[in-house]
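Next come the chains, spelled out residue by residue.
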Amino acid sequence: DTAVSQTPKYLVTQMGNDKSIKCEQNLGHDTMYWYKQDSKKFLKIMFSYNNKELIINETVPNRFSPKSPDKAHLNLHINSLELGDSAVYFCASSQAYRLVTNEQFFGPGTRLTVL
Amino acid sequence: AQSVSQHNHHVILSEAASLELGCNYSYGGTVNLFWYVQYPGQHLQLLLKYFSGDPLVKGIKGFEAEFIKSKFSFNLRKPSVQWSDTAEYFCAVKNSGAGSYQLTFGKGTKLSVIP
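Chain order of the listed sequences is D and G. Residue numbers for the first sequence follow the working numbering, beginning at 19 and rising by one. Residue numbers for the second sequence follow the working numbering, beginning at 10 and rising by one.
No wet-lab data here; the hints were simulated from the structure. Some hints could be false.
With a straight-line Cα cutoff of 27 Å, these simulated DSSO-like cross-link-like pairs (lysine-lysine) come out [unchecked claim]:
no., chain 1, residue 1, chain 2, residue 2
1, G, Lys119, D, Lys62
2, D, Lys27, G, Lys80
3, G, Lys78, D, Lys89
4, G, Lys58, D, Lys62
5, G, Lys78, D, Lys85
6, G, Lys78, D, Lys62
Among the chain D residues that face chain G by a calculated CB cut under 7 Å, a handful are [unchecked claim]:
no., residue
7, Gly34
8, Lys59
9, Phe60
10, Ile63
11, Met64
12, Ile74
13, Glu121
14, Gln122
15, Phe124
16, Pro126
17, Gly127
Take a look, some chain G residues computed to stay more than 10 Å from chain D by CB distance [claimed, not checked]:
no., residue
18, His16
19, Glu24
20, Asp63
21, Glu75
22, Lys78
23, Arg86
24, Asp94
25, Thr95
26, Val122
Glycine included, each C-beta is placed from N, C-alpha and C at the ideal position.
Whenever a hint applies, use it, and build me the whole structure from the sequences.
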């Protein structure tokens with residue numbers, strides 16, 4: 019049983035294109051996250067949604083737009099892709115974010131390569 | 010703002026050697042601390058976590074970590090590493106201070122175990 023799943027696993031595209039990455043969790047969690055892991059393996063939070071509402075929005079270009087149709091899904095849409103967007107994007111989920119003792123469960127990642 | 014420092018970028022050990030990976034954080038309030046592991050090509054998995062109580066925390070696969078509040082440290086240890094421990098290790102901190110519930114990661118330490 020996959021707890022947090024992402025599609026696609028690999029995404030290769032040209033500069034200027036628009037692409038989406040999908041994330042689904044079957045853990046019954048209320049909160050979902052998107053992280054970006056750069057080529058140096060540094061993980062940085064991008065967005066977080068709790069029950070379909072945005073709660074964390076770090077300094078991310080507005081070309082990135084998260085969408086949460088329901089609390090089990092958090093998709094990431096990227097417009098006008100740039101070379102610097104190449105990275106591995108991880109989705110994660112946790113119980114209600116205000117619970118201090120919660121932990122985050124991560125998906126397998128989507129490796130995005132912009133040519 | 011909280012931050013996490015992992016002092017070692019790359020650690021190379023022979024099998025059966027002992028391991029200690031450093032992690033220091035900057036935040037004066039109540040924190041929760043985590044160590045995640047990322048095996049090559051895989052997603053992040055939780056190794057262990059500290060919320061409260063005994064500062065010596067035992068995790069999976071023989072790993073343990075000690076929370077030393079006075080030193081703002083949460084170092085990861087394993088008495089005898091195996092080749093299968095080759096991976097990237099991430100320390101993370103989460104605090105419950107007002108307005109901040111997100112997980113902040115260190116830059117990771119790559120561990121290479123030589124058979």
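Inset, instruction - Verify the proposed pairing of Lys78/G with Lys89/D, using a straight-line Cα cut of 27 Å. - result: 36 Å, violated
Inset, instruction - With a cut-off of 7 Å on the beta carbons, see whether Glu121/D makes it to chain G. - result: Holds, because the Cβ-Cβ distance from Glu121/D to chain G comes to roughly 6 Å (cut-off 7 Å).
Inset, instruction - Hey, is Asp63/G genuinely clear of chain D, shortest beta carbon separation above 10 Å? - result: 15 Å, holds
Legend entry - Supplied contact hint for Phe60/D, tested at 7 Å Cβ to chain G: 5 Å, holds
Legend entry - Cβ separation check - Glu75/G to all of chain D, threshold 10 Å: 19 Å, holds
Legend entry - Hint check: 7 Å Cβ-Cβ cutoff, Phe124/D to chain G: 4 Å, holds
Inset, instruction - Verify the interface restraint on Gln122/D: the C-beta must sit less than 7 Å from at least one C-beta of chain G. - result: Hint on Gln122/D: holds, closest Cβ of chain G at ~6 Å, below 7 Å.
Legend entry - Given hint Gly34/D near chain G, where the shortest CB pair must fall under 7 Å: Because about 29 Å separates Gly34/D from the closest Cβ in chain G, which is outside the 7 Å limit, the hint is violated.
Inset, instruction - Sort out whether Lys62/D lies within 27 Å of Lys58/G, counting only the CA atoms. - result: 19 Å, holds
Inset, instruction - With a cut-off of 7 Å on the beta carbons, see whether Met64/D makes it to chain G. - result: 10 Å, violated
Legend entry - Closest CB of chain D to the CB of Thr95/G still more than 10 Å away: Fine: 14 Å to the nearest Cβ keeps Thr95/G off the interface.
Inset, instruction - Classify the label on His16/G as holds or violated, using whether its beta-carbon is more than 10 Å from each beta-carbon of chain D. - result: 15 Å, holds
Comparing the model with each numbered hint stated earlier shows that hints 2, 3, 5, 7, 11 do not hold.
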